[in-house]
Amino acid sequence: MSPGLRRYIIVRTLLTIPMVLILVSLVFIVLRVMPGDPALAIMREGASEEQLAAFRAALGMDRPLHIQYFDFISGVLRFDFGESMVRPIPVTQEIKTFFPATVELAIFSMMVTTGVGIFSGAYAAKNRKRGSDYAIRVLSIILYSLPIFWLGLMLQMTIGAGLGWLPVSGRLSPGMTPDRVITGLYTIDAILTLNLDLLVDALKHLILPSITLGLVLAGFFTRLTRATMLDVLEQDFITAGRARGLHERVLVYKHGLRNAFIPIVTLLGLQFALLLAGAILTETTFSWPGMGRLVVDRIYDRDFTTVQGTILFFALLVAGVSLIVDILYGFLDPRIRY
Amino acid sequence: MKQSFLFLTLSMLIITSISLSACAGPGATEEPQEPLIVGTTDSWSSFESAWVYSFHDWELFHQCADGLLNTIPGSAGEVELALAESYEVSADGKEYTFKLREGVTFPNGDALNADAIVFSLERIAPINEAEGENAGFLYTGYVEGVEKIDDMTVKITFLDVFPFAPQLIATNPWKILNPKQWSATEAGTENTACGIGPYVITSFTEGEETILEVNETYYGDPPKMDKIIVRYFADSPTMALALKNGEIDVAWKSLSPADQDALTGAEGIKTEIAGGTEIRYIVFNAPTPPFDDPNVRLGLAKLLDREQLTDLGWQGTKVPLYSMVPPGFLGYKPTYEGTENVEEGKALLAGAGFTEDNPLVMDLWYSPTHYGDTEPDIATIIKEQWEASGVVQVSLQFLEWAAYRDAGRAGELPVLLMGWYPDYLDPDNYTNVFAHSPAAWSGSYYSNPEMDALLEAQASELDTDKRIEILEEIQDFWVEESPFVPLAQGKLFIAYRDGVSGVVLDPIANLHYFLLEK
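Chains as they are written, first to last, in the numbering used here: chain F, 1 to 338; chain X, 1 to 518.
Treat the hints as calculated values from the structure; they're not laboratory data. All values reported here derive from a predicted model rather than from experimental measurement. Here a beta-carbon is modelled for each residue, glycine too, at the ideal position from N, C-alpha and C. Some hints here could point you the wrong way.
According to the in silico footprint, chain F covers these stretches of chain X (three or more CB under 8 Å from chain F) [unchecked claim]:
#1 389-398
#2 403-412
#3 503-516
Think about it this way: if two alpha-carbon atoms lie no more than 20 Å apart in a straight line, the pair counts; the simulated SDA-like pairs of lysine to any residue are [said to hold, decoys possible]:
#4 X/Lys-227 x F/Lys-96
#5 F/Lys-204 x X/Val-342
#6 F/Lys-96 x X/Phe-204
#7 X/Lys-383 x X/Pro-327
#8 X/Lys-99 x X/Thr-153
#9 F/Lys-96 x X/Thr-153
#10 X/Lys-155 x X/Leu-462
#11 F/Lys-204 x F/Ile-188
#12 F/Lys-96 x X/Glu-206
#13 X/Lys-227 x F/Ala-161
#14 X/Lys-518 x F/Lys-96
#15 F/Lys-96 x X/Lys-270
#16 X/Lys-466 x X/Pro-327
#17 F/Lys-96 x X/Thr-189
#18 X/Lys-227 x F/Ile-188
#19 X/Lys-270 x F/Pro-178
#20 F/Lys-204 x X/Thr-189
#21 F/Lys-96 x X/Lys-155
#22 F/Lys-96 x X/Ala-347
#23 X/Lys-94 x X/Lys-148
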């Protein structure tokens, strides 16, 4: 690693800290300024003032706001996000429970996005101004503008309930449980424990939600890949390769696509935040027990600690991914010097 | 090259495994009884019976933990002996002495005895203190103490005479737990040990499923199914599709009106509807003029058309309610029946000074999502019904639930729409809880010594006939006062696949898994 790159990584990481701190402070303040008392949202309808006061005291909500804030920040520095208000469970445990489902969905959705988006974009570029190019461009716009929940519902109604080919909800069939939870990603756990039934079941459950989330993002990547590829395909090294008699497929998909990857990879990283946002809708549509569902449920409960802990976790994740992408950028493009 | 090989191998593995699983036919070996799968959009919040206060948590406990008394499935709150073999009530009506069943054990083999009863009930107070009092008030709010008489006898002393004490004893916080499996002072939020019930919880994955398997040592009738799986859904449409797709056998709480419509009459699906315990009503903030005048409140009540509200607004998912006490409960008297009369309503409002020339200009508040997406329609229909009289002008106002509850409770919303699920199945919980002064939690702040006296009288009357008389008197007086105006009673809706039987819907609003069969 060059000294320049090392310095860049350090500065970039240090810059992430105030960014995350500002975001978390905003979330902390917004949640508390927002109307709605968590005690009223969580406690039973007929609870008396005394019972509500006891509940607030049990959660530490009766303390001054700045004390609560500093408590929260000092906890965060120790990777302690506090305890859920809905139940006495650490927020980190809640995240640990729900995060693997979201990661698994994100990975498979990204596979759909890259598979469909990048290859259809490259194909459209190769066949510029032909029928297939126009068709792919129109399709990509349609995909990008489709509401995720609508696409999900259509897939559920046709392939799921209509044809009965695939399940419409959940991560596994009822009663199907991993022999041992190692990573929390059921496909990986199934491979690690050599449980073929589990692997098949997990894959079946992943297909519809991954296609839903992946296809919507694929529309954007198709257009991006096409545009980038068109630039690359006009460059001298492609012409030279063609003159040397390289096969067109090799020229486009090996040399052309590789050079078009730099902006694609960058945006792939940036789209990670979009993927997480999309996961919230996809998880709701497919009853997928991930972080999206956790956040939505806890917002309704006014569970401040879980919401702010989850958002902090998301922020760290997106910041981390952006950092990794920026570093990868340097490796992918030798011209970039830090 | 290596990558291509890896990709090819992985693809082959997946394709082969899918093919193999598709080819694997049933009956290759003797299959155990297939589990019955219940879908729900409710979510789990805790396994701590002393604290939790949500339908689903109570429903799970209902399958795996009995109390001294249990509510009888299919009844409107009637109770039967469960872990108690018999009980006696002292002459002053405050002391209940329970004789426990002999030979009953917890699923792990530990014997049930008086120590377990005392332990289970005494731990409620410290847990209330640690976590904030929630469901535990159903014990601590009514009981002075519990005492072991001998190994198989306990005495529970109530703070006062409560004719609905057996109903309280059948509630969730009163479930009996194993002292060896539960802490005496700390909430067992994730403790799946339950107590003594037809089922035991063998697996729980939050947001995914709960697996209940038959309790081999259960003292009562064994459940019909060896295994029940509860499957959690994020929304109603997905649950309805899962039922159609055969992923679940039963779609329980809660299907939206649109999904109820879609499933009713669908091939291979049966549906059932029953009266629920949920009620919807209007709250008047009694100290705010002109709603401090009972004639104004009753006048507005008379301008309502409940049939139109339930048919049009709630799309048939609720039925008109003519008393705060729903049908089926002790002393039910539909005193609002026949009160819907526009001319009489106008006359009452005219008496308070509101005419076509000087209409009553008012706000009607509602919360747009908490009670379902039909709520804006309900508010609009009420506005239209009131305005059709020509003597009322209504502005609709709304707030999201959390803010709505804050403002309502603070008495800042003069007229608002609310709903109620009972804490225990007794008319007291539909009357006393609402109208006894200071009536603060609801935002009504209604106070009337005459009403207080009646409510207190029914709450301490052990003679059922006399209590019915008082309850009827309360309901008559309620119309005159109209601090809260009943609108509708919720209906329970369940959909299940052909071949499922044993579905019993009752006001408890808990599905009895142990009666289900397929």
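Right, here's what the structure says about each hint:
{"no.": "1", "hint": "389-398", "result": "violated (count 0)"}
{"no.": "2", "hint": "403-412", "result": "holds (count 5)"}
{"no.": "3", "hint": "503-516", "result": "violated (count 0)"}
{"no.": "4", "hint": "X/Lys-227 x F/Lys-96", "result": "28 Å, violated"}
{"no.": "5", "hint": "F/Lys-204 x X/Val-342", "result": "60 Å, violated"}
{"no.": "6", "hint": "F/Lys-96 x X/Phe-204", "result": "15 Å, holds"}
{"no.": "7", "hint": "X/Lys-383 x X/Pro-327", "result": "27 Å, violated"}
{"no.": "8", "hint": "X/Lys-99 x X/Thr-153", "result": "5 Å, holds"}
{"no.": "9", "hint": "F/Lys-96 x X/Thr-153", "result": "45 Å, violated"}
{"no.": "10", "hint": "X/Lys-155 x X/Leu-462", "result": "19 Å, holds"}
{"no.": "11", "hint": "F/Lys-204 x F/Ile-188", "result": "14 Å, holds"}
{"no.": "12", "hint": "F/Lys-96 x X/Glu-206", "result": "11 Å, holds"}
{"no.": "13", "hint": "X/Lys-227 x F/Ala-161", "result": "25 Å, violated"}
{"no.": "14", "hint": "X/Lys-518 x F/Lys-96", "result": "36 Å, violated"}
{"no.": "15", "hint": "F/Lys-96 x X/Lys-270", "result": "39 Å, violated"}
{"no.": "16", "hint": "X/Lys-466 x X/Pro-327", "result": "19 Å, holds"}
{"no.": "17", "hint": "F/Lys-96 x X/Thr-189", "result": "17 Å, holds"}
{"no.": "18", "hint": "X/Lys-227 x F/Ile-188", "result": "28 Å, violated"}
{"no.": "19", "hint": "X/Lys-270 x F/Pro-178", "result": "33 Å, violated"}
{"no.": "20", "hint": "F/Lys-204 x X/Thr-189", "result": "33 Å, violated"}
{"no.": "21", "hint": "F/Lys-96 x X/Lys-155", "result": "45 Å, violated"}
{"no.": "22", "hint": "F/Lys-96 x X/Ala-347", "result": "64 Å, violated"}
{"no.": "23", "hint": "X/Lys-94 x X/Lys-148", "result": "16 Å, holds"}
In this structure, the earlier hints numbered 1, 3, 4, 5, 7, 9, 13, 14, 15, 18, 19, 20, 21 and 22 are contradicted, and the remaining ones agree with it.
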